[in-house]
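*Asks:* The primary structure of each chain is shown beneath.
Protein chains: 2
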Amino acid sequence: MATVVDEHQTLRLQRLAQLAVGAGANVQEGQLVEVIGSSIEHAPLLRAISRAAYEAGARYVEYRYVDGHVRKAMIELADEEVLSWSPPWVVDRIKTFGEEGAAQISIAGEPEPDLLADVDQTRVGKARPIEAVKAYLELVSGRMLSWTIVPFPNEGWASTIFGEPDVERLWEAVEFALRLDEDDPAAAWKARMDELEGRAAQLNERGFDAIRLRGEGTDLTIGLLPRAHWAAARFTTTSGNDHIPNLPTEEVFTTPDFRRTEGRVRSTKPLSLQGTLVRDLEIRFEGGRIVNVDASSGADVIRTQVATDEGAARLGELALVDGSSRVGQTGIVFWDTLFDENATCHIAYGNHVAPNVLDEVPAPEDAESTGINSSVVHTDFMIGGPEVDVDGITRDGEAVPLLRRDEWQL
Amino acid sequence: MATVVDEHQTLRLQRLAQLAVGAGANVQEGQLVEVIGSSIEHAPLLRAISRAAYEAGARYVEYRYVDGHVRKAMIELADEEVLSWSPPWVVDRIKTFGEEGAAQISIAGEPEPDLLADVDQTRVGKARPIEAVKAYLELVSGRMLSWTIVPFPNEGWASTIFGEPDVERLWEAVEFALRLDEDDPAAAWKARMDELEGRAAQLNERGFDAIRLRGEGTDLTIGLLPRAHWAAARFTTTSGNDHIPNLPTEEVFTTPDFRRTEGRVRSTKPLSLQGTLVRDLEIRFEGGRIVNVDASSGADVIRTQVATDEGAARLGELALVDGSSRVGQTGIVFWDTLFDENATCHIAYGNHVAPNVLDEVPAPEDAESTGINSSVVHTDFMIGGPEVDVDGITRDGEAVPLLRRDEWQL
Chain Y
1 MATVVDEHQT LRLQRLAQLA VGAGANVQEG QLVEVIGSSI EHAPLLRAIS RAAYEAGARY
61 VEYRYVDGHV RKAMIELADE EVLSWSPPWV VDRIKTFGEE GAAQISIAGE PEPDLLADVD
121 QTRVGKARPI EAVKAYLELV SGRMLSWTIV PFPNEGWAST IFGEPDVERL WEAVEFALRL
181 DEDDPAAAWK ARMDELEGRA AQLNERGFDA IRLRGEGTDL TIGLLPRAHW AAARFTTTSG
241 NDHIPNLPTE EVFTTPDFRR TEGRVRSTKP LSLQGTLVRD LEIRFEGGRI VNVDASSGAD
301 VIRTQVATDE GAARLGELAL VDGSSRVGQT GIVFWDTLFD ENATCHIAYG NHVAPNVLDE
361 VPAPEDAEST GINSSVVHTD FMIGGPEVDV DGITRDGEAV PLLRRDEWQL
Chain H
411 MATVVDEHQT LRLQRLAQLA VGAGANVQEG QLVEVIGSSI EHAPLLRAIS RAAYEAGARY
471 VEYRYVDGHV RKAMIELADE EVLSWSPPWV VDRIKTFGEE GAAQISIAGE PEPDLLADVD
531 QTRVGKARPI EAVKAYLELV SGRMLSWTIV PFPNEGWAST IFGEPDVERL WEAVEFALRL
591 DEDDPAAAWK ARMDELEGRA AQLNERGFDA IRLRGEGTDL TIGLLPRAHW AAARFTTTSG
651 NDHIPNLPTE EVFTTPDFRR TEGRVRSTKP LSLQGTLVRD LEIRFEGGRI VNVDASSGAD
711 VIRTQVATDE GAARLGELAL VDGSSRVGQT GIVFWDTLFD ENATCHIAYG NHVAPNVLDE
771 VPAPEDAEST GINSSVVHTD FMIGGPEVDV DGITRDGEAV PLLRRDEWQL
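Same order as they appear, the protein sequences are chains Y and H. The first sequence runs 1 to 410 under the numbering used here. The second sequence runs 411 to 820 under the numbering used here.
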């Protein structure tokens, strides 16, 4: 019997790895590939992906495990200026990967989300290698990397969700959300991406001036930009490589006019951020800036992040998700942005989203005149759900229903 | 009771980590530190060392886990020229660490020594990033890095040794060999290094012309060089930082005149090399070169390695170890060179050893005229023991007993 179970597990890993390498990053013959485990617990999938990448013709697979415990020691003990320091060899590696047009596959699913809970939250918020993040965001904005993020079910993550390490239940939810229950998951994703791109085309056709969200604790109006398209998360690199940057993805999104964000918003799902759980987040915007942050836990991490740079307190993304989302259909709070942001509508403070949205990315110093935000931060949080009504506001001030009880209205 | 056991384990890890950071790499205030786990199984120690390094004043701790399974996929599936390719970002990182005068702590103790046993052994032998190895050897030869290697007991390693995952027994052996059973392990190591340096001084005073080893399957004469000193493994970097590169270390060693190696040698302990176990190795030398390699397992890995470059088939090191070695006293075959080479006398084919041995390192192209070997390979294997007699041969041809029944004779 043990053999049967192991074979099932091996096949499962292979299917997920092949989806990541295929429909996800779309690894090409001769391509350089980077695989990043955000924990050593991700080893089984990191290994399966590395092998699948070589099988798909990767020239060389670079891999890396992030260890939150070492990061915790740094945050607690290093000199303060080290927290935002970028090792030059890391910046060089990122630039090389851009020049090489590499593929990048990251693994999500945090086994220890509370790891940094007892650490000085101001230092946690400061712990970002600024130059490295900038170099990386340039690759992403410049469409130089075919990247994807996929999840790996593990005991710690399952315990966070279910209160017990029920990895099997998590695997089944993940397989449903990633369409791995379909005979041909890659084909299923192609069909879904076609649907989402259709929805983005509807929104682009209407040319709304703003989006308004209303619900318990939320009355937020977000201005839109004529030059920023609505899009789905199927990207094409400059070398013509199609990739799906998040698996799962269920959103249509745009970069809003950050200057015209007004009102207050209450998050509808918790958020796991830099090793801290943020619950009951409430944010108030005035004249396009975050002026107040409250939360029942983790508020300091948000406040510190929002103070990182000029753009951190301004909106960079607005995304709409309806009830046809498979993530939403599971009814599970995954405590992981990769999933939870795809269950429902969300916004992100910080950097803009560029691919498919902006034909041309303006220089960061032109943010005020263009309305397109720039920052080293980009943090999504969830604000939608059946109780939140979403309207498109036309240039004449008319409100057109977009979402009611989580149903798409156009 | 669980708490008591955990506290014991935490204290144990801390003592080992502090020895690695202190007496081992001797981490200085403001120093850059690299910690390398040769497996994700080494995580508990890698984390403890990283924390101890920050506590000792490290500016920044870079860490890395090596994953043998990804390496296995590369060896099986990558193009042949990729096997010896060095990612440029790796070479850059190595050079930066040299320029910064970094400390480096590597963790040994292989949990899966048979991982590559079913892989094409010629490809296994070829899998060396040549440029990166060269860059690294330059740092070591140039005394630019304060480095050490320490072990981490784990289930797989314990199973290899004992046939069962008796990690507790392995911990006790490791603690004995590393003098962690002493009240002040760092002081104990200082005393032992003083002893070994005294023994090296004796050998330097005698100025032997050659060393001869005789035993079952072994009759080997190795010429010595007047310019190469005998030394113990307490090194000093160019910036004056004392470090002990191997913990444990019990050897006095030199770089021989590779041109004057003649005879045959039978290894007295098995060797774990690049994921393959090499057993019953027998090597024959003629005119300073390896002309024949036999083994009951793993011979192909040795043969391929020996063919890597001009110097790979020539000797780079000769080391003497007697029965006062704590490693030898455990009576355990550890299947790990860090330990087994310190149980008994050994030689290494490939690159010379420079620190403390050579006042000046000749250029690789002068190897033939100087007798000092150069290679990207350096593989130690064990040839001593109670049954092997070791003599120093004077310039007049007189044989002076150095080791009889594992006892030091000078």
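Heads up, some of the hints might be wrong.
[Stated by the list, open to error] Mimicking BS3-like on lysine-lysine, the simulated pairs with C-alpha atoms at most 30 Å apart in a straight line are:
1) Lys536(H) - Lys126(Y)
2) Lys600(H) - Lys536(H)
3) Lys126(Y) - Lys95(Y)
4) Lys505(H) - Lys536(H)
5) Lys505(H) - Lys134(Y)
6) Lys95(Y) - Lys134(Y)
7) Lys95(Y) - Lys600(H)
8) Lys536(H) - Lys134(Y)
9) Lys126(Y) - Lys505(H)
Hints were generated in silico from the structure; no laboratory data involved. It should be emphasised that the depicted structure is a prediction, and the values quoted were computed from it without experimental measurement.
*Asks:* So, against the hints stated earlier in the document, which numbers end up violated here?
*Replies:* 1, 2, 7 and 8
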